[in-house]
Amino acid sequence: MQKVENKVVVYKPNQKEIEEALKWNTWSKEVSSFEWFYHTKEKFYVVQGEVEVILDDGRKIHIKEGDMAIFERNVKCTWNVKKPIFKHYTFLE
1 MQKVENKVVV YKPNQKEIEE ALKWNTWSKE VSSFEWFYHT KEKFYVVQGE
51 VEVILDDGRK IHIKEGDMAI FERNVKCTWN VKKPIFKHYT FLE
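Residue numbering for the sequence shown follows my numbering, starting at 1 and increasing by one per position.
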């Protein structure tokens, strides 16, 4: 598990969590780099791909296929998509 207090948690979900996540909306992105701001708390499950997320304080989070991530509201970061990514996501607030 990767955890940055009050910002993000990344972990391996159990089968029940995966089954629920597969019902959520989907999003995909090619290899690229872009800035992002989470206006709302978001939870997502990565089906395919890999990304390095650099938080505004410089800390790096690695997220890849099979990971579940929760980003808190008001997190500013840069996404460096290393391998084309496909994820299921939902907003929690």
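Don't read these hints as lab results, they were simulated from the structure.
Every value quoted in this text rests on a predicted model; they were computed, and no experiment measured them.
Yeah, the Cβ is synthetic: ideal placement off N, Cα and C, and Gly gets one too.
Keep in mind that the hints are not guaranteed to be accurate.
In silico DSSO-like pairs for lysine-lysine, Cα to Cα no more than 27 angstroms straight-line [what the hints assert, rightly or not]:
| no. | residue 1 | residue 2 |
| --- | --- | --- |
| 1 | 64 | 7 |
| 2 | 29 | 3 |
| 3 | 29 | 41 |
| 4 | 16 | 64 |
| 5 | 41 | 16 |
| 6 | 83 | 3 |
| 7 | 7 | 82 |
| 8 | 76 | 60 |
| 9 | 29 | 16 |
| 10 | 83 | 43 |
| 11 | 3 | 16 |
| 12 | 29 | 43 |
| 13 | 23 | 43 |
| 14 | 83 | 29 |
| 15 | 41 | 7 |
| 16 | 29 | 60 |
| 17 | 29 | 76 |
| 18 | 12 | 43 |
| 19 | 76 | 7 |
| 20 | 23 | 3 |
| 21 | 83 | 60 |
| 22 | 82 | 12 |
| 23 | 64 | 23 |
| 24 | 43 | 16 |
| 25 | 83 | 12 |
| 26 | 60 | 82 |
| 27 | 41 | 3 |
| 28 | 3 | 76 |
| 29 | 43 | 3 |
| 30 | 43 | 76 |
| 31 | 23 | 7 |
| 32 | 29 | 7 |
Distance windows between CB atoms, simulated [said to hold, decoys possible]:
| no. | residue 1 | residue 2 | range |
| --- | --- | --- | --- |
| 33 | 25 | 73 | 30 to 38 angstroms |
| 34 | 16 | 57 | 29 to 37 angstroms |
| 35 | 19 | 76 | 18 to 26 angstroms |
| 36 | 22 | 58 | 29 to 37 angstroms |
| 37 | 74 | 26 | 31 to 39 angstroms |
| 38 | 18 | 58 | 29 to 37 angstroms |
- residue 19 and residue 76, beta-carbon distance inside 18 to 26 angstroms? violated (32 angstroms)
- Query: Given the hinted pair residue 83 and residue 43, is their alpha-carbon gap at most 27 angstroms?
  - Reply: holds (20 angstroms)
- Query: Given the proposed pairing of residue 23 with residue 43, does the C-alpha separation stay at or below 27 angstroms?
  - Reply: holds (13 angstroms)
- CA of residue 29 to CA of residue 43, is that 27 angstroms or under? Holds: residue 29 and residue 43 sit about 17 angstroms apart, inside 27 angstroms.
- Message: For residue 83 and residue 29, compute the direct alpha-carbon distance and say whether it is at most 27 angstroms.
- Response: holds (9 angstroms)
- Message: Hinted pair, alpha-carbon criterion (27 angstroms max): residue 12, residue 43. Please report holds or violated.
- Response: holds (13 angstroms)
- Item | Given pair status - residue 16, residue 43, alpha carbons within 27 angstroms | Given pair residue 43, residue 16 holds - Cα atoms ~15 angstroms apart, limit 27 angstroms.
- Item | Satisfaction of hint between residue 60 and residue 83, Cα-Cα up to 27 angstroms | Holds, at roughly 16 angstroms.
- Task: Take a quick look at whether residue 29 and residue 7 sit within 27 angstroms of each other, Cα to Cα.
- Result: holds (22 angstroms)
- Pair hint outcome, residue 29 versus residue 41 [Cα-Cα no greater than 27 angstroms]: holds (20 angstroms)
- Message: Hinted pair, alpha-carbon criterion (27 angstroms max): residue 43, residue 3. Please report holds or violated.
- Response: holds (14 angstroms)
- Message: Can you confirm whether the C-alpha distance between residue 41 and residue 16 stays at or below 27 angstroms?
- Response: holds (21 angstroms)
Checked against the numbered hints listed earlier, the structure breaks hints 33, 35 and 37; every other hint is satisfied.
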